[in-house]
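Student: Position chains X and V against the provided structure of chain B, taking the given hints into account.
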Amino acid sequence: MTGVDVLLVALGAVAVGSAVLVVATKHLVRAGLYLVVCLGALAGMYLVLSAELVAWVQVLIYVGAVVVLLLFAVMLTRAPIGASDDLDRPGWPAALIGGGVGLGLAALLVDAYRWTKVELPEAGTAERIGEQVFGSWVLPFEVLSVLLLSALVGAIVLSRPDIGRSPGRQSAVDGVDSDGAGRGRSR
Amino acid sequence: MSTTTLLGALLPAVPLVAGLVGLLLPPSPRGAATEQDTARRVAIGLGVAGAAGALALAVALLVSLDGPAEASTTWIDLGGLTVTLGVRLDGSAALVAVAVAAVALAVQVYSTGYLKRGPHDDVDVDHRYPPYAAQISLFTAAMLLVVVSGDLILLLVGWEVMGLCSYLLIAHDRRLPEAPAAAMKAFLVTRVGDVGFLLGIALLGVSAGSFRIADVLAHDHSAGTLTAACLLLLAGVAGKSAQFPLHTWLPDAMAGPTPISALIHAATMVAAGVYAVTRLFPLFEATPVALAVLGVMASVTLLLGALAATAQDDIKRVLAWSTVSQIGYMTGALAVGSPPAALFHLLTHAAFKALLFLAAGAVIHAVGTTLMSRMGGLRHTMPVTFWCTLIGLGALAGVPPLSGFWSKEGVLAAAEGAALHGDGPAPAWVGWLVWLAALVGVAVTAWYATRLLLRTFFGATRTPLAHPHDPPAVLRWPVLALAVPAALLGLAGFPGWFSTQLQRTLPADPEAVSDLMPPDGLIHLTPTVLLPLALLLVGAGLAWAGWRRDAAADPAAALGPLRPVFARAFRLDDVQHTLVVRPTTALGQAARVADERVVDGAVLGTGRAARALGGGLGTLHRAALPRAIAAVLAGALLIGLAAALIGGAA
Amino acid sequence: MRPVIPYVTAALLFGLGVYGVLRRRNAVLVLMAVELMLNAVNLILVTADTTAKALLPHGGQVFALFVIVLAAAEIGVGLAIVLQLYRMRASVAVDEVPLAERPADEPVPVAVGPAGVTTDGPSGVADGPAGGGANPPETGRPEGDR
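Protein chains in written order, with our numbering: chain B, 1 to 187; chain X, 1001 to 1650; chain V, 2001 to 2146.
Please keep in mind that the hints were generated in silico from the structure rather than gathered at the bench.
Being a predicted model, the structure only gives us computed values, none of them experimental.
Treat each hint with caution, since some may be false.
Unchecked claim - Chain V side only, calculated, beta carbon under 10 Å to chain B, not exhaustive:
1. Pro2006
2. Tyr2007
3. Ala2011
4. Val2021
5. Val2028
6. Leu2083
7. Gln2084
8. Val2097
What the hints assert, rightly or not - Take a look, some chain X residues computed to stay more than 12 Å from chain V by CB distance:
9. Leu1010
10. Leu1078
11. Leu1168
12. Ala1228
13. Leu1535
14. His1577
15. Val1598
All C-beta atoms in this analysis are idealised placements derived from N, C-alpha and C, irrespective of residue type, glycine included.
The shape of chain B in the complex, shown without the other chains (with noise of 0.2 Å):
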């Protein structure tokens, strides 16, 4: 068992461990932070796997935007600060299937590898992935392009709900609007 590989089970307890705790806390807020603890350990994996750009990549993307975008959907649905009681559901079919998955997966891929050992690359570098992503996958690339541009548009469109709708719409809209403030100034 090589350096490597000590590393590996030490991040990789790491991500299971915050993981486990992701799922299972009764903390909104700490589950977002456990969230950061097992991403940025996967970063580490990355790192070791010798990915460099996907680790900077995780950390800056995931770690940085997304789960900040999760916090942020925390507040705004204002969540309670603490633990609170009913964020789960019964857990028995969700353990049988989560369990079933995982252990299901980790027992194919240990019947496929068993303990078979791999020399690792040399460090890649941004430059090499650069020219595969910008030489042999620069369709898709484009099309994940447009993607990003019609989520961009389709996240804005749904949390806007006064655009996108016909004119009719619109005034049916303003009328029953404007009968509950009538109601709303009477009372």
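Tutor: Quick look at chains X and V alone, frame taken from chain B:
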């Protein structure tokens, strides 16, 4: 096609056209005065013209007919079975046609006065006069079709149209609660017989390969087929001619207007059965079984009708039961093998029964009731009606020299010949049965005829408030006109042109003409004629004596405990109700329940189960997100497991 | 390097993600569990890049990058949906999402939808002590008044 057969073909066509055109007329407007009612006037014109045209044609036919004539053209050829469109004319057909047309004309004229808005008449009855007149025309046309038809299928068409028209006409008066039920009963009971008639015709037609009457008569049928067919035909005859046990509709049919009763009883419907038998008589002659059944049927009907007539209080019901009884005489004559006697009685009966009904209609019109217990003493206030009724009742009872005496004497002579000398095709015991029943019937008929006369026209009036008077001219003339043949038609039975015409009934097989009657006449006076005369005197004398003892009382009181039994016609209606109506109703209800519960239940249950299943599936599909995703992921896990295990094993 | 170690880690992370998706009822936590599953896949991709030789070099790492991009897009849209759900129902519990109702783009429910917000909203605003400026019912009100 000669002139004669053309006349025969036109005979039913004229009233048919009048009837069909009349059906197109609109109903009279409500509230319009009778004089201003155009539709009514047109309807009257059409009806009278149709009947008069038919009468003229029938007379012309009778005059021009110089022997049996037949003409036909193929109508349908059903693979070996030929249905023809044709006429078959002989003297008896022409005579019956004349009688039918004459009675129809009398009824049409009489109806114009009878169904008129008056103190006793309803607006609604008068309102539907155009269809009424048109239905009478159709009825006449159907009967004439039966009379002249040269094909069994064509005969059946007329036969069925008559059933339909009787249904419509009996139910004409919608004010009476019993009229629709009576119409329904008439239709259903005759329908039962018609099924037999249809089967009998089919049997004969298939056996002979043609439905033409001449072919059917000429074909040599096997004995079994012939017996079965004749018995089936007898069922239809019993239904139409109101013979026991299918006679129950006739008294109830009195719910119809009185002119309709006259039409049904005198000329059309009930005569059709007897006439149909005379048409096919060679077949019956060859089957003693059918003749025996006919004889028993006739005897039972004869006595049953006569006895039931003794206890009725409704004047129309007395006449109705007397019709049943008189038709029994005709079928009795047929049973002992003498169609000429039967037809002779049919013709005289048509005259005097139409007369009696129309006169009774005049009485009802004047008094406003049909119950004899509320009449009486009408002799002075309605002399014309009284004398006409006297003639009719005398003919009915068989008082010489009125027509009924001669024709009934012919029947009695035929039965006597069959009983004592074994004449004719029927067994001797049938002859005895018919003869004795006919003799008893003479006495009973005399009794109830006398009773009717005494209760209605003699004694003190029992409705002092009414002011009865002789009917207006339009009602009086048909009655007077019918009184002439009712009185004198019997004399035509003496040897001469008339009797020659009547005896020419069997042109297909001249050898088989019954030699019961001497060829020179329908009437032969022998000492045995004294026997029915004596019985007549006994019957009439008994009734008169009873009335003499207590003029206010009903002579029927002498019947004692038998009176309610007779009044309800031996409770045969109840028997019919118990044996037929109630099981049928129960069966219908069971079928309905089975239809609703089992058939509908299966269909509805299938639908309901499908909806419930769909609802259940829909509920499953509408599961909340977590359950849905759990199901999806569990499915994925299971597929993965299966793939791993099977892939690993393989 | 023993590849079985990151592989097993990824498998366990994936299982935990499935468990979280099924167990949690808060939509934000469900999204977090989805992130766990995506990262497990990423880990497998990256590990496979080192252990399995592909025709194109570093295909696994490129795929991992793509998945990260997809995850970013997914989280953006997903959070927008969650916020919209919260605005309409004042709750983000996934098992309270009404699937049996008519879709919101039909005329009548649209008219009812905002009205429902305005009728439900005041109670939420009055009861909620921590009502911030971004409270959906309150943002809905001025629009109606406009």
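Student: Confirm or reject each hint.
Tutor: Do the hints match the structure? See the list:
Of the supplied interface hints, the one on Pro2006 (chain V) holds, with its beta-carbon coming within about 6 Å of a beta-carbon of chain B, less than 10 Å. A distance limit of 10 Å between C-beta atoms decides the matter here; for Tyr2007 (chain V) the minimum to chain B is near 4 Å, and the interface restraint holds. Interface hint status for Ala2011 (chain V): upheld, as the beta-carbon distance to the closest one in chain B is roughly 4 Å, under 10 Å. The closest approach between the C-beta of Val2021 (chain V) and any C-beta of chain B is roughly 8 Å, which is under the 10 Å cut-off, so the hint is satisfied.
For Val2028 (chain V), the shortest C-beta to C-beta distance to chain B is roughly 5 Å, which falls under 10 Å, so the interface hint holds. With its C-beta approaching chain B no nearer than about 6 Å, Leu2083 (chain V) sits inside the 10 Å limit, and its interface hint holds. With a cut of 10 Å, the hint placing Gln2084 (chain V) at the interface with chain B holds, because the nearest CB-to-CB distance is about 5 Å. Because the closest C-beta pair between Val2097 (chain V) and chain B is about 13 Å apart, greater than 10 Å, the hint is violated.
The non-interface label for Leu1010 (chain X) is consistent with chain V: the shortest C-beta to C-beta separation is roughly 75 Å, beyond 12 Å. With a minimum CB-CB distance of about 65 Å to chain V, Leu1078 (chain X) clears the 12 Å threshold, and the non-interface call stands. Once the 12 Å rule is applied to beta carbons, Leu1168 (chain X) is consistent with being away from chain V; the minimum gap is 58 Å. At roughly 72 Å, the least C-beta separation between Ala1228 (chain X) and chain V is larger than 12 Å, which holds for a residue marked as non-interface.
Even its closest Cβ contact with chain V, about 94 Å, leaves Leu1535 (chain X) beyond 12 Å, as expected for a residue assigned away from the interface. Listed as a non-interface residue, His1577 (chain X) keeps its Cβ farther than 12 Å from every Cβ of chain V; the least gap is roughly 60 Å. No Cβ of chain V comes within 12 Å of the Cβ of Val1598 (chain X); the nearest lies about 37 Å off, and the non-interface call holds.
This entry does not satisfy hint 8, going by the numbered hints stated previously; all others are met.
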